[in-house]
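A.B. asks: Sequence:
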Amino acid sequence: MQILESSQAELFEHTLDGVVESAIAGHLPGQVKIMNVTWAARLCVPDPRYVLPAGTPVSIVGRRGNTLLVLPYFP
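Per UniProt numbering: the sequence shown = residues 1 to 75.
For the record, the hints were derived by calculation from the structure and aren't laboratory data.
Each statement offered as a hint is correct.
Across the chosen pairs, the derived CB separations fall in these ranges:
no.: 1; residue 1: Pro75; residue 2: Gln8; range: 26 to 34 Å
no.: 2; residue 1: Asn66; residue 2: Val19; range: 15 to 23 Å
no.: 3; residue 1: Gln8; residue 2: Gly55; range: 29 to 37 Å
no.: 4; residue 1: Pro48; residue 2: Glu13; range: 23 to 31 Å
no.: 5; residue 1: Tyr50; residue 2: Leu11; range: 14 to 22 Å
no.: 6; residue 1: Leu28; residue 2: Gly62; range: 13 to 21 Å
no.: 7; residue 1: Thr15; residue 2: Thr38; range: 17 to 25 Å
Positions of the beta carbon are idealized from the N, C-alpha and C atoms, including for glycine.
Could you build the full structure based on these sequences and the hints that come with them?
C.D. replies: Dropping the structure here:
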């Protein structure tokens with residue numbers, strides 16, 4: 001088992017779909033729900049132009065520690 005430093009990000013081989021539960025904005029974390037479980041989340045690439053309000057679909061692309069890394073979902 002590999003233990004990741006909290007500053008290290010692990011990108012997933014396949015993305016997962018989730019929904020924002022509490023807003024995620026720029027460098028500010030929020031929460032997403034995936035498979036009926038709520039997780040801390042932040043943008044994979046922090047950008048002050050992005051604000052993801054509650055209800056926004058997202059792609060979960062990785063994790064840093066116990067925080068999921070997300071991008072806006074584009075079908």
